[in-house]
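As you go down the protein sequences, you meet chains A and B in turn. Going by my numbering, the first residue of the first sequence is number 17, and it counts up by one from there. Going by my numbering, the first residue of the second sequence is number 17, and it counts up by one from there.
One thing to keep in mind: the hints can contain errors.
Intra- or inter-copy, both count: the list cannot distinguish identical chains.
Unchecked claim - The list that follows gives simulated cross-link-like pairs (lysine to any residue, SDA-like), each with its CA atoms no further than 25 Å apart:
#1 56 <-> 88
#2 71 <-> 85
#3 26 <-> 66
#4 80 <-> 95
#5 26 <-> 45
#6 71 <-> 84
#7 20 <-> 61
#8 26 <-> 65
#9 26 <-> 94
#10 20 <-> 69
#11 18 <-> 66
#12 56 <-> 92
#13 80 <-> 64
#14 18 <-> 43
#15 71 <-> 51
#16 71 <-> 42
#17 18 <-> 36
No lab work stands behind these hints, which were simulated from the structure alone.
Here's the letter readout for the chains.
Protein chains: 2
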Amino acid sequence: MKAKIHVYLKPGVLDPQGAAVAGALHTMGYEEVTAARQGKLIELDLSGEDADAAKSRVDEMCQKLLANPVIESYSIEMA
Amino acid sequence: MKAKIHVYLKPGVLDPQGAAVAGALHTMGYEEVTAARQGKLIELDLSGEDADAAKSRVDEMCQKLLANPVIESYSIEMA
Numbered sequence: 017m018k019a020k021i022h023v024y025l026k027p028g029v030l031d032p033q034g035a036a037v038a039g040a041l042h043t044m045g046y047e048e049v050t051a052a053r054q055g056k057l058i059e060l061d062l063s064g065e066d067a068d069a070a071k072s073r074v075d076e077m078c079q080k081l082l083a084n085p086v087i088e089s090y091s092i093e094m095a
Numbered sequence: 017m018k019a020k021i022h023v024y025l026k027p028g029v030l031d032p033q034g035a036a037v038a039g040a041l042h043t044m045g046y047e048e049v050t051a052a053r054q055g056k057l058i059e060l061d062l063s064g065e066d067a068d069a070a071k072s073r074v075d076e077m078c079q080k081l082l083a084n085p086v087i088e089s090y091s092i093e094m095a
């Protein structure tokens, strides 16, 4: 079983990486880019068969290690 | 228009961030995690109406700036 976790900075939290990406794209002539945000993508391989139980364990992992719930939000996709 | 870009290290490329995540999860007792890989998630806001043209421009941005095609693969999702 695989879990894909998307971790984003919450709206309103300063995102210097995203700002740097947007600035660089502008400099390169991609004027259509109005904003950029950068997040993390974590893919876990999991043993076990029960997808619901696995998802709630992954949610726990996000709370404890993978995301900082103060400034980041996350979504989990099981596959 | 929004473009979501997922950037992954290609299979076989050493992923120390992913290995650190897997190691930390094991230490915390999440024994079901057999592997972890970490990538980047970039979200761009784009002006303009033509989704196909925008996607090919975003592909160009990935080749030139957002991904390193030697060691990274990427996928683009328009929304």
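A quick look at each hint next to the structure:
1. 56 <-> 88: both (10 Å within a copy, 15 Å between copies)
2. 71 <-> 85: within (17 Å within a copy, 32 Å between copies)
3. 26 <-> 66: neither (30 Å within a copy, 29 Å between copies)
4. 80 <-> 95: within (22 Å within a copy, 31 Å between copies)
5. 26 <-> 45: Cα proximity of residue 26 and residue 45: none, with 28 Å in one copy and 28 Å across.
6. 71 <-> 84: Within. Shortest intra-copy distance 18 Å satisfies the 25 Å Cα cut-off; inter-copy 32 Å does not.
7. 20 <-> 61: both (9 Å within a copy, 23 Å between copies)
8. 26 <-> 65: Neither: 32 Å inside a copy, 27 Å across copies.
9. 26 <-> 94: both (22 Å within a copy, 21 Å between copies)
10. 20 <-> 69: Answer is within: at 15 Å inside a copy they meet the 25 Å cutoff, but 29 Å across does not.
11. 18 <-> 66: within (12 Å within a copy, 34 Å between copies)
12. 56 <-> 92: both (12 Å within a copy, 15 Å between copies)
13. 80 <-> 64: Result: close within a single copy only, 21 Å intra versus 40 Å inter.
14. 18 <-> 43: between (38 Å within a copy, 20 Å between copies)
15. 71 <-> 51: For residue 71 and residue 51, only the inter-copy Cα distance (16 Å) is at most 25 Å; the intra-copy one is 32 Å.
16. 71 <-> 42: between (39 Å within a copy, 17 Å between copies)
17. 18 <-> 36: between (32 Å within a copy, 18 Å between copies)
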